[in-house]
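A.B. asks: Read off the chains here:
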Amino acid sequence: DTAVSQTPKYLVTQMGNDKSIKCEQNLGHDTMYWYKQDSKKFLKIMFSYNNKELIINETVPNRFSPKSPDKAHLNLHINSLELGDSAVYFCASSRDPTDTQYFGPGTRLTVL
Amino acid sequence: AQTVTQSQPEMSVQEAETVTLSCTYDTSESDYYLFWYKQPPSRQMILVIRQEAYKQQNATENRFSVNFQKAAKSFSLKISDSQLGDAAMYFCAYRSAWASGSRLTFGEGTQLTVNP
Chain A
449 DTAVSQTPKY
459 LVTQMGNDKS
469 IKCEQNLGHD
479 TMYWYKQDSK
489 KFLKIMFSYN
499 NKELIINETV
509 PNRFSPKSPD
519 KAHLNLHINS
529 LELGDSAVYF
539 CASSRDPTDT
549 QYFGPGTRLT
559 VL
Chain B
95 AQTVTQSQPE
105 MSVQEAETVT
115 LSCTYDTSES
125 DYYLFWYKQP
135 PSRQMILVIR
145 QEAYKQQNAT
155 ENRFSVNFQK
165 AAKSFSLKIS
175 DSQLGDAAMY
185 FCAYRSAWAS
195 GSRLTFGEGT
205 QLTVNP
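Quick note, the sequences are listed as chains A and B, same order. First residue of the first sequence: 449, per our numbering; consecutive thereafter. First residue of the second sequence: 95, per our numbering; consecutive thereafter.
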């Protein structure tokens, strides 16, 4: 069974569109994260939720909005997509904010 | 803010040989965690090894071991008996021990090639 899963794995879309990426973990973890990996492979935190509460909100355009319907899910919605949003987006989870983080397979977003 | 630096963008090693990847970090905190993650071409991020700053003993996981030098703020990864499957991008990462600082701060990565 996949511990942290993301859908879709690949997403190709036009500028200006709105899209969502979904993340689910079956590890029973309380904390979930979104990271962005740019074209130079640099990874940076975007958001983190603990028990469905937002605990980390980095300097990210407000076109990006995370939503946590329950502790096992953390979705990322992106409005008005721009070329610069093209990247790989990783979801991760941990038992609590102090524990080791485990990553999903990533979603490669390409904005044309 | 914490920073993590990997000064070797690329490294190569012969199969069965040993290679060491370097990582330095900057922090004013005394309690934190350090990690090495591996990203093969499949792009999956895989945890390789974890080190708690309060532990003097270096962490070891099978063929992977670290050299943690707290005073020097250095955290290198040694891969022994390198295998073709070890070829990947390796990321060093820092995390505060405080819950409020639970973000992972990553280095730029080192691309490791294993030659047969």
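Simulated from the structure, these hints should not be mistaken for laboratory data. Since the model is a prediction, treat every value here as computed from it, not as a measurement. Glycine is no exception: its CB is placed at the ideal position from the N, C-alpha and C atoms. Careful: at least some of the hints might be erroneous.
As the list claims (entries may be wrong) - Some residues of chain A that are not near chain B, with every Cβ distance over 10 Å (derived):
id: 1; residue: 519
id: 2; residue: 531
id: 3; residue: 545
id: 4; residue: 548
To be verified - Taking lysine-lysine pairs in the DSSO-like style, the calculated list, with each CA pair at most 30 Å apart, reads:
id: 5; chain 1: B; residue 1: 164; chain 2: A; residue 2: 457
id: 6; chain 1: A; residue 1: 457; chain 2: A; residue 2: 484
id: 7; chain 1: A; residue 1: 488; chain 2: B; residue 2: 149
A.B. asks: State for each hint whether it applies.
C.D. replies: Taking the hints in turn, this is what the structure says about them:
Listed as outside the interface, residue 519 of chain A is consistent with that label: its C-beta sits roughly 15 Å from the nearest C-beta of chain B, beyond the 10 Å cut-off. Residue placement check: residue 531 of chain A keeps its beta carbon more than 10 Å from all beta carbons of chain B (closest about 21 Å). Distance to chain B contradicts residue 545 of chain A as a non-interface residue, since its nearest Cβ pair spans about 4 Å, not more than 10 Å. Not every CB of chain B is more than 10 Å from the CB of residue 548 of chain A (nearest about 6 Å), against its label as outside the interface.
With a CA separation close to 39 Å, the supplied pair residue 164 of chain B and residue 457 of chain A exceeds the 30 Å bound. Pair hint residue 457 of chain A plus residue 484 of chain A holds up; C-alpha atoms about 14 Å apart against a cutoff of 30 Å. Distance hint between residue 488 of chain A and residue 149 of chain B is unfulfilled; the C-alpha atoms sit about 33 Å from each other, more than 30 Å.
When each numbered hint is compared with the structure, violations occur for hints 3, 4, 5 and 7.
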